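The primary structure of each chain is shown beneath.
Number of protein chains: 2
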Amino acid sequence: MNGHISYEYAGYLRTEKYDKEPPRRKELIVNCEKPFNAETRPDLLPRSFYVPNDLFFVRNHAPVPVLRSEEEFRLRVEGIVAYPLLLSLQDLKTKFRKHTVTAVLQCAGNRRTEMSRIKPIQGVPWLHGAAGNAVWSGALLKDVLMAAGVYPNKAEHVEFEGADLPPEEENRSGYLASIPLKKALDEDQEVLLAYEMNGEILSRDHGYPLRVIVPGFVGARSVKWLSRIICKMDSSEGFFMTKDYKYLPSSMDFGNVDWSSTPPIMNLSVQCAICDPLPDTKLSQGPYKVRGYALTGKGDHIMRVELSVNGSKDWQEAKLIKGEKIANREIPKRITAGLKDWSWVLWELVVDIKPPMVIMARAIDSACNTQPEVPLWNLRGVMNNSWHKVNILPLTSAL
Amino acid sequence: MNGHISYEYAGYLRTEKYDKEPPRRKELIVNCEKPFNAETRPDLLPRSFYVPNDLFFVRNHAPVPVLRSEEEFRLRVEGIVAYPLLLSLQDLKTKFRKHTVTAVLQCAGNRRTEMSRIKPIQGVPWLHGAAGNAVWSGALLKDVLMAAGVYPNKAEHVEFEGADLPPEEENRSGYLASIPLKKALDEDQEVLLAYEMNGEILSRDHGYPLRVIVPGFVGARSVKWLSRIICKMDSSEGFFMTKDYKYLPSSMDFGNVDWSSTPPIMNLSVQCAICDPLPDTKLSQGPYKVRGYALTGKGDHIMRVELSVNGSKDWQEAKLIKGEKIANREIPKRITAGLKDWSWVLWELVVDIKPPMVIMARAIDSACNTQPEVPLWNLRGVMNNSWHKVNILPLTSAL
Ligand SMILES: [Mo]
Ligand SMILES: [Mo]
Chain Y
1 MNGHISYEYA
11 GYLRTEKYDK
21 EPPRRKELIV
31 NCEKPFNAET
41 RPDLLPRSFY
51 VPNDLFFVRN
61 HAPVPVLRSE
71 EEFRLRVEGI
81 VAYPLLLSLQ
91 DLKTKFRKHT
101 VTAVLQCAGN
111 RRTEMSRIKP
121 IQGVPWLHGA
131 AGNAVWSGAL
141 LKDVLMAAGV
151 YPNKAEHVEF
161 EGADLPPEEE
171 NRSGYLASIP
181 LKKALDEDQE
191 VLLAYEMNGE
201 ILSRDHGYPL
211 RVIVPGFVGA
221 RSVKWLSRII
231 CKMDSSEGFF
241 MTKDYKYLPS
251 SMDFGNVDWS
261 STPPIMNLSV
271 QCAICDPLPD
281 TKLSQGPYKV
291 RGYALTGKGD
301 HIMRVELSVN
311 GSKDWQEAKL
321 IKGEKIANRE
331 IPKRITAGLK
341 DWSWVLWELV
351 VDIKPPMVIM
361 ARAIDSACNT
371 QPEVPLWNLR
381 GVMNNSWHKV
391 NILPLTSAL
Chain F
1 MNGHISYEYA
11 GYLRTEKYDK
21 EPPRRKELIV
31 NCEKPFNAET
41 RPDLLPRSFY
51 VPNDLFFVRN
61 HAPVPVLRSE
71 EEFRLRVEGI
81 VAYPLLLSLQ
91 DLKTKFRKHT
101 VTAVLQCAGN
111 RRTEMSRIKP
121 IQGVPWLHGA
131 AGNAVWSGAL
141 LKDVLMAAGV
151 YPNKAEHVEF
161 EGADLPPEEE
171 NRSGYLASIP
181 LKKALDEDQE
191 VLLAYEMNGE
201 ILSRDHGYPL
211 RVIVPGFVGA
221 RSVKWLSRII
231 CKMDSSEGFF
241 MTKDYKYLPS
251 SMDFGNVDWS
261 STPPIMNLSV
271 QCAICDPLPD
281 TKLSQGPYKV
291 RGYALTGKGD
301 HIMRVELSVN
311 GSKDWQEAKL
321 IKGEKIANRE
331 IPKRITAGLK
341 DWSWVLWELV
351 VDIKPPMVIM
361 ARAIDSACNT
371 QPEVPLWNLR
381 GVMNNSWHKV
391 NILPLTSAL
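Those protein sequence lines, which keep their order, are chains Y and F. Position one of the first sequence corresponds to residue 1 (UniProt numbering), numbered consecutively onward. Position one of the second sequence corresponds to residue 1 (UniProt numbering), numbered consecutively onward.
The following block holds chain Y by itself, in its conformation from the complex (with noise of 0.2 angstroms):
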């Protein structure tokens, strides 16, 4: 493209250092100071059905990029397409419908420090808070790709390429990812270019001023600091399609790894986790509300989460909170009539404490899938979706 790369012509100035990034709350949990990855404390969760905007997990690969100006900004949209286009910020909120969407985001590692007590692995150690639920308003990619004339019987994939600039990366590239063009073109499957988090501006961290939202899969196709799509054959070639992200066979190890016997993660599976109390709180006997959120991906509804205090043996269902509206006995009806649900669900349930003792949680989906009591260790400690289990020990008396 005339010399540029791909995040100059976006409108981005070159940024490889860590001397421009964004304020942040000190009520994350920092879990990698460069590249910036930070979770909410898990207990924080289960206090709203949206995640506040700045209290929402980050996970970033680079220095965040740094708009030259809000004017500047163009997005590219190209590949397999009748009409290659060039849209600013303005394009799109006034040449587009606007569409919402409430859709959780969940890191494939989320939970990789519980997988790495198996074994050893390398990555972010994230805790259960690398989860969030928002909302998120933007253009439906659809409505774009329709514009710009995609070929839907010659293109498969639409790549995202963000203006970060990961090391992994090579050619200098941004950040890539795609998904198949069958989702992004489904209406029903919401697939938005967001410039909205919460009724808010994308704020840095999140991808400033445009990023994609895939509803259903895992937060890495979400591309932040979107500047380029291209509509494609073949499916992205970037680092973290081809050389992260994936469930590996538990029998491979950067030894004997195969990288393409696997494929990109796209879909989240079903979750759970226990927020409050966190793991090892010390606690006195007596009834403790438990909360927590539960997810799943496909457009799928959570149908049940359960919560055991015998080691399994028995299991309590717990009270389900979807948004402001929803009970447990109106779920039911969503899940039969087949409609799509993007969200988290937050739960509650009041248990018997009495410590010691360990807290399980887990989630049966509308497609009846579950959770594995163990987690399938992974070279990459993705897709760590076991019963939760949380240690809660005595109050100890002053020695």
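Don't take every hint at face value.
Identical copies go unnamed one by one, so any copy, or any two together, can satisfy a pair.
[Claimed, not checked] Subject to a maximum C-alpha distance of 30 angstroms in a straight line, what follows is the list of computed BS3-like cross-link-like pairs (lysine-lysine):
#1 K333 to K243
#2 K182 to K340
#3 K182 to K232
#4 K333 to K154
#5 K313 to K282
#6 K333 to K232
#7 K389 to K354
#8 K340 to K142
#9 K243 to K17
#10 K93 to K20
#11 K354 to K282
#12 K319 to K243
#13 K340 to K319
#14 K313 to K243
#15 K319 to K119
#16 K182 to K319
#17 K154 to K232
#18 K333 to K142
#19 K154 to K182
#20 K154 to K93
#21 K333 to K182
#22 K313 to K389
No lab work stands behind these hints: they were computed from the structure. In this text, all values refer to a predicted model and were calculated from it rather than measured experimentally.
Dock chain F with the ligands against the given chain Y, drawing on the hints supplied.
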């Protein structure tokens, strides 16, 4: 309908006794004679990618209906439609394009016997042979509904009525089930009104002359002896939608069951079974080729099948055999492209047999869902997709 009830209108005789049952192969394992419920001997399943029609599991709820004559058969399409239809078999074969799909069917109760070891369960005691793969041909339900002028903004469900008369159904209706209209109208979901199974006319046990095939859903929604289609606002109130085929919480038994708490089962969850060797087979030490099947719902693919012969400590990847053509290395590409897949996979792996031992198998699908180690017990004994564990005994020397 002029005093007729549905099955008579559709061309069937009143069939309430078991004196006109079809002939059946003696190789089937019969779990119930009246109504006839029989499964394929599990070790026969991996012998071919498509299960032969006369060895395919049969799940009946009543006597097999008797059609007066093929010429008299009529399918009614009615409810919230502009043009109610009355279609002969010839109409279905000549006025609508013929569509063919490979799809696995699985009874929701497959592997109930294993689950009932946790706590007894009423119901047909299926082993792991109540699943089978076949190629189905017929008219797309979508095309028929479009011809009837369905109102997609008014109707939300499509109900199917079979000509069989299960005693559980009230008012002597035929067997009833419904699916979301969205599923029916989505051509990628390939919901069929099938008149052929593996290239042959449907046999009487499999729904002659017409059955619904709902790819990715439990068998109970693929209504046999289809006599009527009704477009409705609400999902079917039939017994097998409201009082059975529900994945209830483990805390519910016949004393405290709340049927409205839980939606009817629709989707298949990720499943895997060891077919050869059979449980409790006596084998000598040495290599043995273990074989089985794996399947999942939602159009997802089986990404991987893993076996353990050391009590879940280590897992080895089985070789996937998908149709005649597709080897393991091609599967990642098809998954990445987001293509839908309604078929099972067969798999095999040579393992070292050292009896006594347990062989365990589990699958991971392309949405990264996997199986729980232990069944989630439920009142109706449905959706057991726990790790399959097969006990192998030593060859005892002659006493
Ligand atoms: Mo991620
Ligand atoms: Mo069934």
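Going through the hints against the structure:
Taking the shortest alpha-carbon separations for K333 and K243, only the inter-copy value of 15 angstroms comes in at or below 30 angstroms, while the best intra-copy value is 41 angstroms. Taking the closest pair of Cα atoms, K182 and K340 come within 30 angstroms of each other both inside a single copy (16 angstroms) and across two copies (11 angstroms). In this assembly of identical chains, the alpha carbons of K182 and K232 lie at most 30 angstroms apart whether taken from the same copy (12 angstroms) or from different copies (29 angstroms). For the homomeric pair K333 and K154, the shortest alpha-carbon distance between copies (16 angstroms) is at most 30 angstroms, but the shortest distance inside one copy (39 angstroms) is not.
When the C-alpha separation of K313 and K282 is checked against a cutoff of 30 angstroms, the pair qualifies only within one copy, where the shortest distance is 23 angstroms, while the shortest distance between copies is 33 angstroms. In this assembly of identical chains, K333 and K232 lie within 30 angstroms of each other by CA distance solely across copies; the values are 14 angstroms between and 39 angstroms within a copy. For the homomeric pair K389 and K354, the shortest alpha-carbon distance inside one copy (15 angstroms) is at most 30 angstroms, but the shortest distance between copies (35 angstroms) is not. In the homo-oligomer, the alpha carbons of K340 and K142 lie at most 30 angstroms apart both inside one protomer (17 angstroms) and across protomers (20 angstroms), since each shortest distance falls under that limit.
For the identical chains of this complex, K243 and K17 are intra-copy neighbours only, at 24 angstroms inside a copy versus 62 angstroms across copies, given an alpha-carbon limit of 30 angstroms. In this assembly of identical chains, K93 and K20 lie within 30 angstroms of each other by CA distance solely inside one copy; the values are 27 angstroms within and 68 angstroms between copies. In this assembly of identical chains, the alpha carbons of K354 and K282 lie at most 30 angstroms apart only when taken from the same copy (11 angstroms versus 47 angstroms across copies). When the C-alpha separation of K319 and K243 is checked against a cutoff of 30 angstroms, the pair qualifies only between copies, where the shortest distance is 23 angstroms, while the shortest distance within a copy is 40 angstroms.
Taking the shortest Cα distances, K340 and K319 sit within 30 angstroms of each other inside one copy (21 angstroms), while across copies they are farther apart (34 angstroms). For a Cα distance limit of 30 angstroms, the shortest separation of K313 from K243 across copies, 26 angstroms, qualifies, whereas the shortest one inside one copy, 40 angstroms, does not. In this homomeric assembly, K319 and K119 come within 30 angstroms of each other (Cα to Cα) only across copies, at 26 angstroms, whereas the closest approach inside a single copy is 35 angstroms. In this homomeric assembly, K182 and K319 come within 30 angstroms of each other (Cα to Cα) only across copies, at 29 angstroms, whereas the closest approach inside a single copy is 36 angstroms.
With identical chains, the CA atoms of K154 and K232 are at most 30 angstroms apart within one copy only, with a shortest distance of 8 angstroms there and 38 angstroms across copies. In this assembly of identical chains, the alpha carbons of K333 and K142 lie at most 30 angstroms apart whether taken from the same copy (29 angstroms) or from different copies (23 angstroms). Taking the shortest alpha-carbon separations for K154 and K182, both the intra-copy value of 12 angstroms and the inter-copy value of 27 angstroms come in at or below 30 angstroms. In the homo-oligomer, the alpha carbons of K154 and K93 lie at most 30 angstroms apart inside one protomer (29 angstroms), although the nearest pairing across protomers, at 32 angstroms, exceeds that limit.
Both within a single protomer and between protomers do K333 and K182 lie at most 30 angstroms apart by alpha-carbon distance, with minima of 28 angstroms and 15 angstroms respectively. For the identical chains of this complex, K313 and K389 are neighbours both inside a copy (14 angstroms) and across copies (20 angstroms), given an alpha-carbon limit of 30 angstroms.
No hint from the list above goes unmet by this structure.
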